[in-house]
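Work the whole structure out from these sequences, hints included.
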Amino acid sequence: MKSLMQTNTHTFGVLITLLGGICWGFSGVCGQYLFEQGVSAKWLVPYRLLLAGVMLLAFYATKNFKSFTAPLREKSLLPTLITYGIFGLMMTHYSYFYSIELSNATISTAIQYSAPALILAWICFSERRAPQNMEILALFFALGGVFLLATHGDFSSLAISPRALFWALLSAVGVCVYSLIPKKLNAKFPLALNLGWAMVIGGCVLAGLTRVWTLDGVQNLSQFLAFASVIMIGTICAFSFYMMGVESIGASKASLIACIEPVSSAFFAYFWLDTRFEMFDFIGFAMIMVCVFLLSRKRRGIR
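Note that the UniProt record's numbering numbers the sequence shown so that position 50 is 50, with each residue one more than the last.
In silico EDC-like cross-links for lysine to aspartate or glutamate, where the CA-CA straight-line distance does not exceed 20 Å:
1) LYS184 <-> GLU127
2) LYS184 <-> GLU247
3) LYS188 <-> GLU74
4) LYS183 <-> GLU247
5) LYS183 <-> GLU127
6) LYS188 <-> GLU247
7) LYS42 <-> ASP216
8) LYS184 <-> GLU74
9) LYS183 <-> GLU74
Now the in silico label distances, taken between C-beta atoms and shown as ranges:
10) ASP274 <-> SER126: 44 to 50 Å
11) PRO162 <-> ASN220: 33 to 39 Å
12) SER161 <-> LEU215: 19 to 25 Å
13) GLU278 <-> PRO79: 43 to 49 Å
The set of hints was computed from the structure by calculation and includes no laboratory data. Keep in mind the model is a prediction, meaning the values are calculated, not measured. Heads up, the beta-carbon is just placed ideally off N, CA and C, and yes, glycines get one too.
Below, the structure is given as structure tokens:
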């Protein structure tokens with residue numbers, strides 16, 4: 001019975017993480033659409049964080065108003081919550097979308113997926129162990145897949161400015177932070193509550209830094225719908241699903257399974273933005289799916 005429960009938990013973690021990655025991919029395409037329409041990341045991201053955070057908190061408050069501010073009142077964990085909000089969510093959101101604005105969604109997503117290597121390196125260092133064979137193999141397929149999607153096998157085709165490269169790499173660091181930092185927070189308080197407060201904290205800080213109230217935003221219905229999708233699907237759903245996956249199967253596996261994001265992004269870009277694909281794209285898709293298959297297989301002693 002215990003083994004069956006563990007298997008079900010693992011399967012749920014894999015599926016919910018996959019769903020989070022799909023939501024992220026759709027969000028990136030929505031963001032690129034908005035940038036092509038003249039909306040900036042400096043306007044998009046603060047509102048994305050603030051509105052999504054407020055919605056999560058409002059939802060939680062209707063269920064348990066008494067513990068609504070509990071994470072803010074826990075002095076020992078408040079620095080962790082602030083770090084999670086600013087150097088995790090805010091940094092990841094802004095740097096990722098700003099790198100898309102400076103380059104494109106495919107390149108930005110591919111570079112951001114250096115995060116699994118960083119997370120695995122940190123976990124192996126903290127646990128003082130070498131990577132497991134399955135982790136190394138899955139990482140190879142994940143990074144190989146996103147590389148082919150971004151470059152079509154040609155190293156010289158990854159044409160990106162130093163500025164865009166910096167922000168894309170910074171988003172990868174942010175992924176590591178929000179995957180690893182809130183472990184104690186999520187053990188004590190509900191995930192949605194921590195996520196909501198972290199988004200509000202990060203959104204408030206970023207809004208002040210960008211002076212978002214002075215910037216032009218969405219202007220028509222199609223832009224508004226894309227913006228709403230970024231908030232509801234690409235933020236609330238995606239981050240909630242991903243963090244649930246982290247709790248179920250661990251940060252290293254969750255970050256790798258979320259590599260479904262570029263496949264999702266390519267799918268939506270093809271049918272919405274009329275993006276065309278070549279043979280290397282399909283090879284990249286296949287490699288990422290192999291990664292997902294490898295990580296979805298239960299391995300005793302590996303989380």
